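Participant: Letter by letter, the chains look like this.
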Amino acid sequence: MEKRYYQKEIETMPVEEIKKLQSEKLVKQVKHVYENVPYYRNLMDEKGVKPEDIKGIEDLHKLPFLTKADLRDAYPYGLLAKPLGDCVRIHSTSGTTGRRVVAFYTQHDIDLWEDCCARAIIAAGGTNEDVCQVAYGYGLFTGGSGLNGGSHKVGCLTLPMSSGNTERQIQFMMDLKATILCCTPSYAAYIGETLKEQGYTPDQIPLKAGIFGAEAWTNEMRRNIEETLGIKAYDIYGLTETSGPGVAFECEEQTGMHINEDHFLAEIIDPETGEVLPEGSKGELVFTSLDKEAFPLLRYRTRDICILSRKKCSCGRTLIKMAKPMGRSDDMLIIRGVNVFPSQIETVLLKEGYQPNYQIIIDRVNNTDTFDVMVEMNPDQFTDTVSGVTAQEKSLANALKVMLGINPAVHLVAPKSIARSEGKAVRVIDKRKLYD
Amino acid sequence: MSLKQLTVFVENKKGALVDITDILAKNNVNMRALSIADTQDFGILRLIVNDNETATKALRDAGYLLKMTDVVGVKIGDQPGKLSTALSVLDKADINMEYLYAFMSRTEKHAYVVLRVADNALAEKALEAAGFHMISDADVNKL
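Chains as they are written, first to last, in the working numbering: chain A, 1116 to 1551; chain B, 2 to 144.
None of these hints come from the bench; they were simulated from the model. Everything numeric in this text was worked out from a predicted model, so none of it was measured. The C-beta atom is built at its ideal place from N, Cα and C for all residues, glycine as well. Warning: the hint list may mix true and false statements.
[Claimed, not checked] Listed next, the in silico BS3-like pairs over lysine-lysine satisfying Cα-Cα at most 30 Å (straight line):
1) Lys1531/A to Lys83/B
2) Lys14/B to Lys27/B
3) Lys27/B to Lys1531/A
[Stated by the list, open to error] Now the in silico label distances, taken between C-beta atoms and shown as ranges:
4) Val1543/A to Gly64/B: 18 to 26 Å
5) Asn51/B to Ser1532/A: 53 to 61 Å
6) Asp62/B to Gln1286/A: 14 to 22 Å
Looking at chain A on its own, in the form it has when it is part of the complex (with noise of 0.2 Å):
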């Protein structure tokens, strides 16, 4: 019989055990903190709370916040909860935005992390009799160590393929028959592309199920990417400093993400104030580690605006629901006094038939922002006379302008020119000196 739950037990608990297991744990974690980790002790010291005042899940909005500043600040050691020799691996972000973030594990740290992303591909349809495919890199990001070890404990046979080589991702994927992909979207969407041009159709490509996560898309995209390759598209989140993927996953409801909030407590609060929002508020996400021994954070911002949801699941899980993350509230791009998502970009380019690549590219000429935006022209549109060509960059710019308020310049450029993500894809380049 399928399984329909990797630890039926926790994924279905009544609302009101999960709430106690959690305060148990953050009683006994945040000691853990406050004695092994003098940064978060310096913290709570300074903002006058002591472990004994937190007793439970309520005492939480009294702990300091953590930041990627902090990470960097404290970097390398400085989070460490745990003796080196009871460590047994790093993972590290890609440090695109400053000094690289590295995170510490334990055994029982892998362990339950790995347990999170069993969870996720069973989520996803996944048992041992599956062929799962991961195409996320392996070594410092945490993706392929991450999906690797939830395959194995699923029993699905695991091709460790890591990112890139497309052409032997495919000749694997069809020679080995494998059924549940795991990637980033736009490399899935990639793939799919590449599939396509070699003619194949998708009744012809094996794969079943796909978990994608590591880097934001929209609901647009996920149906692009379910026809192209005939699967069920499942998001999944996670982040480095918390552990990986796998912190929340999606079910075959795709309404949004279930937290394993037995090892990961979910907040969301007011970015500007900190304070915390009720249920069904959209704010920024903050997590505290409940069980993780070597790199507890305890209120960790994400800067990931989203909203929590307890509403009823149809797949039976109890776990508390986050809404794909809407932006990020360091993402946010504001040009000529507006803000941009990102994503918002994503979402008009597959409305107008263009594939989600792009490349925003921002800067400040005597006095005023420019803002250009680079598309892959679709082969299926293009012409052979320079009217038809910028009819339909005017075209696309004018649908920009609706969705966003300000009228980018638009440069439909060759297909395939701009940069795939084998990791994450570098949409936004900024050049205006905003800050010293």
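Given the coordinates of chain A, work out where chain B should sit on it, guided by the hints.
Facilitator: Relative to chain A, chain B alone:
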């Protein structure tokens, strides 16, 4: 009559044309005529070649965006006033033209004009009625 034009999207980057012509040369494709329309960002390269199939495959494999366009090829005498005569035929027939370019034959004393018009069939009919001869892909290969 049918004359095929190969239309290639060229990004305005250094070396782009060198790359395209190099690919054609390596595949032994001979160009009969070409024209480029360009803007600041991109160019549209239009080619009449002796072997459309090979040229298309080679450029497509190299990742170029291209399209085959039906155009009108008309043979005109290599004398002053001949192009003007041909164009006035189209004008009188009220046929709009997007662009044109011309080339000469090495062997015959003729010029050829490639025309991109709103309605190919109508243009060909009008020109034939005025005594002009059209050329096809097969003719191009012999030139």
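Participant: Now look at each hint and say whether the structure bears it out.
Facilitator: Hints versus structure:
1. Lys1531/A to Lys83/B: At roughly 44 Å apart (the allowed maximum being 30 Å), Lys83/B and Lys1531/A break the hint.
2. Lys14/B to Lys27/B: 21 Å, holds
3. Lys27/B to Lys1531/A: Roughly 23 Å between the alpha carbons, so the hint for Lys27/B and Lys1531/A holds.
4. Val1543/A to Gly64/B: 18 to 26 Å: 25 Å, holds
5. Asn51/B to Ser1532/A: 53 to 61 Å: Since Asn51/B and Ser1532/A have Cβ atoms about 29 Å apart, the given range 53 to 61 Å is violated.
6. Asp62/B to Gln1286/A: 14 to 22 Å: 19 Å, holds
Consistency note: the structure conflicts with the earlier hints numbered 1, 5.
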